[in-house]
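Trainee: With full-length UniProt numbering applied, the sequence shown covers 1 to 110.
Please note: incorrect hints may appear among the correct ones.
Derived lysine-lysine pairs resembling DSS-like cross-links, with alpha carbons at most 30 angstroms apart [unchecked claim]:
1) 104 / 71
2) 86 / 71
3) 52 / 103
Derived CB-CB ranges, DEER-like [claimed, not checked]:
4) 59 / 36: 19 to 27 angstroms
5) 71 / 45: 26 to 34 angstroms
6) 73 / 23: 27 to 35 angstroms
7) 88 / 36: 31 to 39 angstroms
8) 70 / 94: 13 to 21 angstroms
9) 20 / 92: 18 to 26 angstroms
10) 50 / 75: 30 to 38 angstroms
11) 51 / 71: 36 to 44 angstroms
12) 75 / 23: 29 to 37 angstroms
13) 88 / 55: 17 to 25 angstroms
14) 38 / 87: 25 to 33 angstroms
Source of the hints: derived by calculation from the structure; they are not laboratory data. Cβ coordinates follow ideal geometry from the N, Cα and C atoms, glycine included.
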Amino acid sequence: NQNFTVFGNVGELGYFSEVLLKKDTEVELHFASWEVMQLNNPEIIVNYPSGKQETWKPNITSLPANKLKEKHGIKELYQLSSYSFKESGNIALTITENNTTNKKISIQVK
1 NQNFTVFGNV GELGYFSEVL LKKDTEVELH FASWEVMQLN NPEIIVNYPS
51 GKQETWKPNI TSLPANKLKE KHGIKELYQL SSYSFKESGN IALTITENNT
101 TNKKISIQVK
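Based on the sequences and whatever the hints tell you, model everything.
Mentor: Laid out in structure tokens, this is it:
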């Protein structure tokens with residue numbers, strides 16, 4: 001029963017991780033959504049500060065958010081498979097499902 005700080009667009013889509021997001025380090029990213037997104041098989045476009053772009057197709061698991069729903073209004077929680085970001089700085093993630101853009105979020109990688 002750990003507490004995590006949620007970063008990003010609190011009230012829309014946020015993210016958290018059990019460890020600090022660092023360049024070239026495998027991390028498990030979690031999304032906390034205040035809106036219903038119903039992600040099943042997302043594709044995430046990773047836009048690096050240098051202009052490089054990658055496509056990430058994570059395995060995604062929906063986690064129970066019952067207590068968070070009551071306390072913070074979070075509707076959905078997701079755990080994504082491990083990923084290693086190749087650059088540090090502000091990295092923009094565009095989350096798409098079935099070629100439809102669901103959300104964009106900016107994450108900070110050290």
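Trainee: With reference to the structure, classify each hint as holding or not holding.
Mentor: For each hint, the structure was consulted:
Of the pairs offered as hints, the one joining residue 104 and residue 71 holds, with about 24 angstroms between alpha carbons and a cut-off of 30 angstroms not exceeded. For the hint pairing residue 86 with residue 71, the CA-to-CA distance comes to about 35 angstroms; that exceeds 30 angstroms, so the pair is violated. Taken as a hint, the residue 52 and residue 103 pair is honoured in the structure, with Cα atoms around 20 angstroms apart against an allowance of 30 angstroms. In this structure the supplied range 19 to 27 angstroms holds for residue 59 paired with residue 36, their Cβ-Cβ distance being about 20 angstroms.
Checked against the given bound of 26 to 34 angstroms, the beta carbons of residue 71 and residue 45, roughly 32 angstroms apart, stay inside it. Between residue 73 and residue 23, the C-beta spacing of about 33 angstroms keeps the proposed range 27 to 35 angstroms intact. Hint check: residue 88 to residue 36, Cβ distance near 32 angstroms, so the stated range 31 to 39 angstroms holds. The beta-carbon spacing between residue 70 and residue 94, approximately 30 angstroms, falls outside the hinted interval of 13 to 21 angstroms.
Between residue 20 and residue 92 the beta carbons are some 19 angstroms apart, a value that agrees with the proposed interval 18 to 26 angstroms. With their beta carbons about 34 angstroms apart, residue 50 and residue 75 fall inside the hinted range of 30 to 38 angstroms. Checking the proposed 36 to 44 angstroms range against residue 51 and residue 71 shows it holds: the Cβ atoms sit about 40 angstroms from each other. One distance hint, 29 to 37 angstroms for the beta-carbon pair residue 75 and residue 23, holds here, with the actual separation near 31 angstroms.
At roughly 20 angstroms, the beta-carbon separation of residue 88 and residue 55 lies within the given 17 to 25 angstroms, and the hint holds. Between residue 38 and residue 87 the Cβ separation comes to about 30 angstroms, which falls inside the hinted range of 25 to 33 angstroms.
Comparing the model with each earlier hint shows violations of hints 2 and 8; every other hint is respected.
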